[in-house]
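One-letter residues, chain by chain:
Protein chains: 2
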Amino acid sequence: MDIFLFCFLASVLATSQAATTPHQIHLLRPQSGSSGHHVHGISCLSWRLAVEVDNIRDWDLVPAACENYVGHYMLGHQYRKDCNAAMYVALQYAKSLKLTGDGKDIWVFDIDETTLSNLPYYARPENGFGAKEYNSTSFNEWIEEGKAPPVPAVLKLYQKLLSLGFKTVIISGTSEKYRNVRISNLKLAGYHTWEKLILKPTSESSTTSLVYKSAIRKELVEAGYRIIGNVGDQWSDLLGTDTGNRTFKVPDPMYYIS
Amino acid sequence: MDIFLFCFLASVLATSQAATTPHQIHLLRPQSGSSGHHVHGISCLSWRLAVEVDNIRDWDLVPAACENYVGHYMLGHQYRKDCNAAMYVALQYAKSLKLTGDGKDIWVFDIDETTLSNLPYYARPENGFGAKEYNSTSFNEWIEEGKAPPVPAVLKLYQKLLSLGFKTVIISGTSEKYRNVRISNLKLAGYHTWEKLILKPTSESSTTSLVYKSAIRKELVEAGYRIIGNVGDQWSDLLGTDTGNRTFKVPDPMYYIS
Numbered sequence: 001m002d003i004f005l006f007c008f009l010a011s012v013l014a015t016s017q018a019a020t021t022p023h024q025i026h027l028l029r030p031q032s033g034s035s036g037h038h039v040h041g042i043s044c045l046s047w048r049l050a051v052e053v054d055n056i057r058d059w060d061l062v063p064a065a066c067e068n069y070v071g072h073y074m075l076g077h078q079y080r081k082d083c084n085a086a087m088y089v090a091l092q093y094a095k096s097l098k099l100t101g102d103g104k105d106i107w108v109f110d111i112d113e114t115t116l117s118n119l120p121y122y123a124r125p126e127n128g129f130g131a132k133e134y135n136s137t138s139f140n141e142w143i144e145e146g147k148a149p150p151v152p153a154v155l156k157l158y159q160k161l162l163s164l165g166f167k168t169v170i171i172s173g174t175s176e177k178y179r180n181v182r183i184s185n186l187k188l189a190g191y192h193t194w195e196k197l198i199l200k201p202t203s204e205s206s207t208t209s210l211v212y213k214s215a216i217r218k219e220l221v222e223a224g225y226r227i228i229g230n231v232g233d234q235w236s237d238l239l240g241t242d243t244g245n246r247t248f249k250v251p252d253p254m255y256y257i258s
Numbered sequence: 001m002d003i004f005l006f007c008f009l010a011s012v013l014a015t016s017q018a019a020t021t022p023h024q025i026h027l028l029r030p031q032s033g034s035s036g037h038h039v040h041g042i043s044c045l046s047w048r049l050a051v052e053v054d055n056i057r058d059w060d061l062v063p064a065a066c067e068n069y070v071g072h073y074m075l076g077h078q079y080r081k082d083c084n085a086a087m088y089v090a091l092q093y094a095k096s097l098k099l100t101g102d103g104k105d106i107w108v109f110d111i112d113e114t115t116l117s118n119l120p121y122y123a124r125p126e127n128g129f130g131a132k133e134y135n136s137t138s139f140n141e142w143i144e145e146g147k148a149p150p151v152p153a154v155l156k157l158y159q160k161l162l163s164l165g166f167k168t169v170i171i172s173g174t175s176e177k178y179r180n181v182r183i184s185n186l187k188l189a190g191y192h193t194w195e196k197l198i199l200k201p202t203s204e205s206s207t208t209s210l211v212y213k214s215a216i217r218k219e220l221v222e223a224g225y226r227i228i229g230n231v232g233d234q235w236s237d238l239l240g241t242d243t244g245n246r247t248f249k250v251p252d253p254m255y256y257i258s
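Chains as they are written, first to last, in the numbering used here: chain E, 1 to 258; chain U, 1 to 258.
It is worth saying that the hints were derived from the structure and are not from the lab.
Source: prediction; values computed, not measured.
A couple of the hints might just be wrong.
Treat identical chains as interchangeable: a pair holds within one or across any two.
List time: in silico BS3-like cross-link candidates among lysine-lysine, alpha-carbon distance up to 30 Å [said to hold, decoys possible]:
#1 81 / 156
#2 167 / 132
#3 200 / 98
#4 177 / 95
#5 160 / 104
#6 132 / 95
#7 132 / 81
#8 177 / 98
#9 81 / 177
#10 95 / 167
#11 218 / 81
#12 98 / 147
#13 218 / 177
#14 132 / 218
#15 167 / 98
#16 156 / 196
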């Protein structure tokens, strides 16, 4: 057995036993078993980095060989540490700024895998942390439950930004028809206020998230808002036009949205 | 001792003893000692991810607490695996394309930490893998030696792209005055041909690399070239305008160029 693999497992198991945090996202246990860990000669660790830096694009599923690796990452400490680090950097940046105080300094947030976590859904065996075929029916049922927990580090940043005087705008590719349940889910998770919550019109013709979100941000800028920061788990949240003065990528090795 | 830290060291030591690869870049040995590994409550692993996804920008030095971590990463197997994965993905993309055959399909490469590696320089104790103050005098002396080895995975991609029929254009922020030695270094490292090698005019007023490289790429596009791919270790190689149809980020946790 590869020493790195052994150590990785030992580390995950050790930390999972020690963890007693309150959020549902943390109570999920790592799956046992870790066969594979390589795909096409690429280690799953390298695959994840390549996904995070946008080297791998338009991918459909987590490679089967990396299902357990991604599960361990998402349920272990490293995902939370990586989220914490990203949001720490964002907060340091926010604190370094002097706001105008006219209420036009906004921070843009995505929803899925950013403000809210669908990890309880993706951790189900039939979803395999993104390694199993996407099932829109069961995913929509999960959304309709309205019980997605927050990504803790993002909630913490969100609350601190509000206290610093920023306005927040939440932009999601979720359909408008889920507006009520998304609002109740966001509030349940600890997000109590926002300047705007922009969901996708049900009439919206099929377009990429990158084009859709760029258009929304353009409207915000034309309405006089200044996008000071932009937080999302997908590069399609962070690239395109009017991306904001700074962007912050939240880790997400489970799926890709173009 | 943290189990992850212990395991990381055990893994690095085990792999460094087993490695018998021919390039100078691989013969360097990991430094002993690994105090720290955290900075501002961020683990060095999370710091590196935040750097790779461009969450942390305009940073001056590798945090002192992460010097040994970065050294182990750069000299161990993971850096090479991460480079291999990035270039594997690039090659798969290249192979999926049908070239026009008019000689205008180009692939852009950066030099430092992309085609050539300065790791032998940065591994010197006085440079501490980017954790010690940058010394332009000693760095320029190193460049003048012309002995930088290739980044093996990038050299392999480069050669395969040529055999697929792509032209290559190398764009670097290195001053024109080093043209001769950079050419001899590139050839020594295994890069024998290119469509253009574009270095920075000595008269160039101080501008960011992002602006400089965007302007160069714009000229290429205006001259009729199609930038099919773009490979660099800095986001300033890959963002801006005319970035190319696809970009590929080579890992580099040692320094930041805006």
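Structure-inconsistent hints, enumerated in ascending order
2, 3, 4, 8, 9, 11, 12, 14
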